[in-house]
Amino acid sequence: MQLDVIKSPSGPMRNFQTRATLLLAGILLVVAGPAWAQGTPGGQTEAYRSFPLIGSRLAVWGAAQLHLYFAAFILGVPMFAIIVEFIGWRTQDARYDWLARQFMKLTFAAYSATALLGGLLTFIFITLYPRFFGYLVEIFGPTMWVYAGLFFVETFTLYLYYYGWDWLSGPRKGIHLGLGVLLNIWGTILMFVANAWLTFMMSPSGVDEAGKLTSLWGAIYNPTWMPINVHRLIANITFGGAIVAAYAAFRFLGARTDEERAQYDWMGYVGNFVAVSSLLFLPFAGYWLGREIYAFNQTMGITMMGGFMSWLWVVQAILIGVLFIGSNYYLWLGMERIPGSERYRPYIPYLVMILAAGFIVWATPRSMVATLEETRAMGGTHHPVLGVLGVMSAKNTAVNLMILTTFVSFLLYRRANRVATVSWVRSGMTAQWIIMGVAAAVVTFYGVYGYFVESIVRIGFSVYQVLSVLAAIVCVMAIDFPMFRRARSTGAIRWGQIAPRSQYVLILLAVSFTWLMGLMGFARSGIRQHWHVYGILRDTSPEAVTPALGYAANMITAVTAIFLAFVVLIFWLGGLGERGAKG
Amino acid sequence: MRVPLIVKVGTFALAVMGVYAYYANSIPQIQSTLPEELSLEGGNVTPEQLVKAGEGIFKGKGTCEICHRIGQKGTRAPDLAGIGAAAAKRKPGMSAKAYIIESLLDPGAYLVEGYPGIMPKVDRPPIGLNRSELWATVAFLQSMAGTVDVKLDDIPKTAGAVVGAEGAAQGAELKLPGDPKAGQVVFMGKGACIACHKAGAIGASPIGPDLSQIAKIQTPEYIMAKILDPAGMGTVAGYPPNLMPPTLGQTLTAKEYIDLVSFLLTLKGEASAQAPAASKR
Numbered sequence: 020m021q022l023d024v025i026k027s028p029s030g031p032m033r034n035f036q037t038r039a040t041l042l043l044a045g046i047l048l049v050v051a052g053p054a055w056a057q058g059t060p061g062g063q064t065e066a067y068r069s070f071p072l073i074g075s076r077l078a079v080w081g082a083a084q085l086h087l088y089f090a091a092f093i094l095g096v097p098m099f100a101i102i103v104e105f106i107g108w109r110t111q112d113a114r115y116d117w118l119a120r121q122f123m124k125l126t127f128a129a130y131s132a133t134a135l136l137g138g139l140l141t142f143i144f145i146t147l148y149p150r151f152f153g154y155l156v157e158i159f160g161p162t163m164w165v166y167a168g169l170f171f172v173e174t175f176t177l178y179l180y181y182y183g184w185d186w187l188s189g190p191r192k193g194i195h196l197g198l199g200v201l202l203n204i205w206g207t208i209l210m211f212v213a214n215a216w217l218t219f220m221m222s223p224s225g226v227d228e229a230g231k232l233t234s235l236w237g238a239i240y241n242p243t244w245m246p247i248n249v250h251r252l253i254a255n256i257t258f259g260g261a262i263v264a265a266y267a268a269f270r271f272l273g274a275r276t277d278e279e280r281a282q283y284d285w286m287g288y289v290g291n292f293v294a295v296s297s298l299l300f301l302p303f304a305g306y307w308l309g310r311e312i313y314a315f316n317q318t319m320g321i322t323m324m325g326g327f328m329s330w331l332w333v334v335q336a337i338l339i340g341v342l343f344i345g346s347n348y349y350l351w352l353g354m355e356r357i358p359g360s361e362r363y364r365p366y367i368p369y370l371v372m373i374l375a376a377g378f379i380v381w382a383t384p385r386s387m388v389a390t391l392e393e394t395r396a397m398g399g400t401h402h403p404v405l406g407v408l409g410v411m412s413a414k415n416t417a418v419n420l421m422i423l424t425t426f427v428s429f430l431l432y433r434r435a436n437r438v439a440t441v442s443w444v445r446s447g448m449t450a451q452w453i454i455m456g457v458a459a460a461v462v463t464f465y466g467v468y469g470y471f472v473e474s475i476v477r478i479g480f481s482v483y484q485v486l487s488v489l490a491a492i493v494c495v496m497a498i499d500f501p502m503f504r505r506a507r508s509t510g511a512i513r514w515g516q517i518a519p520r521s522q523y524v525l526i527l528l529a530v531s532f533t534w535l536m537g538l539m540g541f542a543r544s545g546i547r548q549h550w551h552v553y554g555i556l557r558d559t560s561p562e563a564v565t566p567a568l569g570y571a572a573n574m575i576t577a578v579t580a581i582f583l584a585f586v587v588l589i590f591w592l593g594g595l596g597e598r599g600a601k602g
Numbered sequence: 234m235r236v237p238l239i240v241k242v243g244t245f246a247l248a249v250m251g252v253y254a255y256y257a258n259s260i261p262q263i264q265s266t267l268p269e270e271l272s273l274e275g276g277n278v279t280p281e282q283l284v285k286a287g288e289g290i291f292k293g294k295g296t297c298e299i300c301h302r303i304g305q306k307g308t309r310a311p312d313l314a315g316i317g318a319a320a321a322k323r324k325p326g327m328s329a330k331a332y333i334i335e336s337l338l339d340p341g342a343y344l345v346e347g348y349p350g351i352m353p354k355v356d357r358p359p360i361g362l363n364r365s366e367l368w369a370t371v372a373f374l375q376s377m378a379g380t381v382d383v384k385l386d387d388i389p390k391t392a393g394a395v396v397g398a399e400g401a402a403q404g405a406e407l408k409l410p411g412d413p414k415a416g417q418v419v420f421m422g423k424g425a426c427i428a429c430h431k432a433g434a435i436g437a438s439p440i441g442p443d444l445s446q447i448a449k450i451q452t453p454e455y456i457m458a459k460i461l462d463p464a465g466m467g468t469v470a471g472y473p474p475n476l477m478p479p480t481l482g483q484t485l486t487a488k489e490y491i492d493l494v495s496f497l498l499t500l501k502g503e504a505s506a507q508a509p510a511a512s513k514r
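Taken in sequence, the protein lines are chains A and B.
My numbering numbers the first residue of the first sequence as 20 and each following residue consecutively.
My numbering numbers the first residue of the second sequence as 234 and each following residue consecutively.
In isolation and in its complexed conformation, chain A is listed as follows (with noise of 0.2 Å):
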């Protein structure tokens, strides 16, 4: 009995129905929301409703989260999976045919529930914000329409793209990856859309003082909007990678059979590569975003790194520490499984050393609330010793070595197996040696000279640390590649050899990405405080306060366990399918 619902004659027709009738009503949500929106025939709109239980702000936070978990896998995954169908298609190597359509097989399923939630979040602003809403409305109307538009055609490119596999294989493929990059051109477009709202509430432009629109495209080309696409498209990158690793995962300690664990392993591999490798790109991306932020508004920069939010960054140090280590220590673990890693063994003791020291820095806050005799205690509000390790000179310094360091890890990861039979192998193994080393003094330097120069110099250096890590990995690459391309192999790696608790280092890594982009969510949200647009439209609403750190953790791991919950039955809806072919 054919219970696939991927395959079955039935079952397409079925989910195009069931998601059709979803984006007809996502449509509809957006052509009636204003209208909803204006509220009694009178002309006065209702600010705020309550919603039962849990109240208005924890339902449009958990919605939203959600929401916003669910696209970012959606976005996240096709891109990196184009990428492996392409790897795939020149070296005509079907695994990694398969593993493209493994990825985007998930996607697929995560698809349905991202249109759901979107809808639910609509639901809830037309509903419970009918003011904020029609003012976003008034901005951003003819910005929905076109988001409307775009998810149609995304929708209608996935399908083509995820049906049409087997119809456009062979001599067709190249169709097939057009079809691919069109799918994540029109999702990218589609965020870039969504982000030009919820970065115009942060920081609003294209309006008067009075914010009446004066310009739409000035709404939307708003300080942050920039900086948190390229944020968003990098994060969502690594969130799609980390999630598919941590299936696989799960599937790794689920095999029954060596193949499976073989295939599962690579998968595995893979997907934490991906995640690893955009996450390099992360702190970047951020910097910038903070740089824009500082740039617009000063008050609400000061807020989110020195104000009421200056704790988050302590707890965000712990999981970025997390995520360094865990990924490192990944690697390591899949060195294991490599004949003729051994070699590289003696380094990790002082890899461990310097991501531990990093890791130690990062996580040093430069003030705290403390009690009268604390404070008397430390001599002032900073500690004499460890306030020089808080301030961001020596945050961004432990960053970049923590990313170089990480970036070591992979390069031997990489030629574990491998031994260079270039002529030039001793000199190019010197220069890489030598860019690294360069790349840290300079990291070092600006780090260190940071702390004699004004902060308005400072940031600058910052670009500089950055710069110079990323021309490391750039050069580095670029002798490596010639350098290892005829190597002597020592073995083959031994996949599905590997420790299971390496998988256990998998899903750990997907639920702190989780959490963690629960928790920078928050900030970004938090640092507007009691507004709904800074300094354009107040939340008057009874809920206004923004919560503690405690609280708002609560939230995010309530809602980071529904997700997973959600993934895992998805997940198994999928897996359903897989058996019933099998049987």
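In short, the hints are calculated from the structure, not lab data.
There's no promise every hint is true.
Stated by the list, open to error - In the DSSO-like style, the derived pairs of lysine-lysine whose C-alpha atoms are separated by at most 30 Å in a straight line are:
{"no.": "1", "chain 1": "B", "residue 1": "LYS423", "chain 2": "A", "residue 2": "LYS231"}
{"no.": "2", "chain 1": "B", "residue 1": "LYS292", "chain 2": "B", "residue 2": "LYS390"}
{"no.": "3", "chain 1": "B", "residue 1": "LYS408", "chain 2": "B", "residue 2": "LYS488"}
{"no.": "4", "chain 1": "A", "residue 1": "LYS231", "chain 2": "B", "residue 2": "LYS241"}
{"no.": "5", "chain 1": "B", "residue 1": "LYS384", "chain 2": "B", "residue 2": "LYS423"}
{"no.": "6", "chain 1": "B", "residue 1": "LYS384", "chain 2": "B", "residue 2": "LYS322"}
{"no.": "7", "chain 1": "B", "residue 1": "LYS390", "chain 2": "B", "residue 2": "LYS408"}
{"no.": "8", "chain 1": "A", "residue 1": "LYS231", "chain 2": "B", "residue 2": "LYS354"}
{"no.": "9", "chain 1": "B", "residue 1": "LYS354", "chain 2": "B", "residue 2": "LYS384"}
{"no.": "10", "chain 1": "B", "residue 1": "LYS408", "chain 2": "B", "residue 2": "LYS423"}
{"no.": "11", "chain 1": "B", "residue 1": "LYS241", "chain 2": "A", "residue 2": "LYS124"}
{"no.": "12", "chain 1": "B", "residue 1": "LYS306", "chain 2": "B", "residue 2": "LYS241"}
{"no.": "13", "chain 1": "B", "residue 1": "LYS488", "chain 2": "B", "residue 2": "LYS285"}
{"no.": "14", "chain 1": "A", "residue 1": "LYS231", "chain 2": "B", "residue 2": "LYS324"}
{"no.": "15", "chain 1": "B", "residue 1": "LYS285", "chain 2": "B", "residue 2": "LYS241"}
{"no.": "16", "chain 1": "A", "residue 1": "LYS231", "chain 2": "B", "residue 2": "LYS390"}
{"no.": "17", "chain 1": "B", "residue 1": "LYS241", "chain 2": "B", "residue 2": "LYS294"}
{"no.": "18", "chain 1": "B", "residue 1": "LYS384", "chain 2": "B", "residue 2": "LYS324"}
Unchecked claim - Not close to chain B: a few residues of chain A, all C-beta gaps over 10 Å, as computed:
{"no.": "19", "residue": "ALA82"}
{"no.": "20", "residue": "GLY197"}
{"no.": "21", "residue": "TYR348"}
{"no.": "22", "residue": "PRO365"}
{"no.": "23", "residue": "ILE379"}
{"no.": "24", "residue": "ARG437"}
{"no.": "25", "residue": "GLY554"}
{"no.": "26", "residue": "VAL564"}
{"no.": "27", "residue": "ALA567"}
All residues carry an ideal CB built from backbone N, CA and C; glycine is no exception.
Following the hints, position chain B against chain A.
For chain B alone, kept in the frame of chain A given last:
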């Protein structure tokens, strides 16, 4: 008994999140509360009360402390120790008071050498101090080695006007179906407001705040709520609390209430000397 994989992985994921949540709950908990509106109109505030209120704004709603230090050099903004005296020397021909007011309302007009022009206009969102709050802040700044001589009238009447989408909504004239003249009768008669409040040419008692420009400095929502729930809306600084009758809202008929509010909304300072019915008396 064999534990299912989903239970093991689920427990692991929950444990990881639990650790993060526990950590976030174990560090200091700071929440950002909605800043309260301070109202000091009435003229009977002592300089000491004004300075104290200004200090509260400096450290709280004004968010001045984020960049300015007192007695400590900052990298973002000048040290404000002694600003009450130093302000007189910043711009030739400008008094300390005028300079401080200008610095708050138009910070870019003069920049202290070595500091970037990053200060926002404090009467505009997101800080959005109202006239009373600006008055108090100026007094606090003057108190640092200077003489506190600022009056509410020194603060431009355009300062602190609500702007933004919310302001636009508020700015739309509120049309109440009330009769201001009848409202004045309530003010002087059944409501007995005149016993404590001054309203332009009528009333002279210093027991409660002067309401001569209440329509200019307070929102209709505030005025209406204050009549219905005097204690719940707080007490203007410098006046004894709980003097206003808590049952005033209940003793008035709907028409009298609307008439009274309509009358109060005519009190905008400039015309207060010729309040509608007062001219007839």
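We went through each hint and held it up to the structure:
no. : hint                 : verdict
1   : LYS423/B to LYS231/A : 44 Å, violated
2   : LYS292/B to LYS390/B : 24 Å, holds
3   : LYS408/B to LYS488/B : 14 Å, holds
4   : LYS231/A to LYS241/B : 54 Å, violated
5   : LYS384/B to LYS423/B : 34 Å, violated
6   : LYS384/B to LYS322/B : 21 Å, holds
7   : LYS390/B to LYS408/B : 23 Å, holds
8   : LYS231/A to LYS354/B : 20 Å, holds
9   : LYS354/B to LYS384/B : 20 Å, holds
10  : LYS408/B to LYS423/B : 24 Å, holds
11  : LYS241/B to LYS124/A : 25 Å, holds
12  : LYS306/B to LYS241/B : 56 Å, violated
13  : LYS488/B to LYS285/B : 41 Å, violated
14  : LYS231/A to LYS324/B : 36 Å, violated
15  : LYS285/B to LYS241/B : 59 Å, violated
16  : LYS231/A to LYS390/B : 23 Å, holds
17  : LYS241/B to LYS294/B : 49 Å, violated
18  : LYS384/B to LYS324/B : 21 Å, holds
19  : ALA82                : 19 Å, holds
20  : GLY197               : 38 Å, holds
21  : TYR348               : 14 Å, holds
22  : PRO365               : 31 Å, holds
23  : ILE379               : 15 Å, holds
24  : ARG437               : 34 Å, holds
25  : GLY554               : 4 Å, violated
26  : VAL564               : 5 Å, violated
27  : ALA567               : 4 Å, violated
Going down the numbered hints, you'll see the structure goes against 1, 4, 5, 12, 13, 14, 15, 17, 25, 26, 27, while the others check out.
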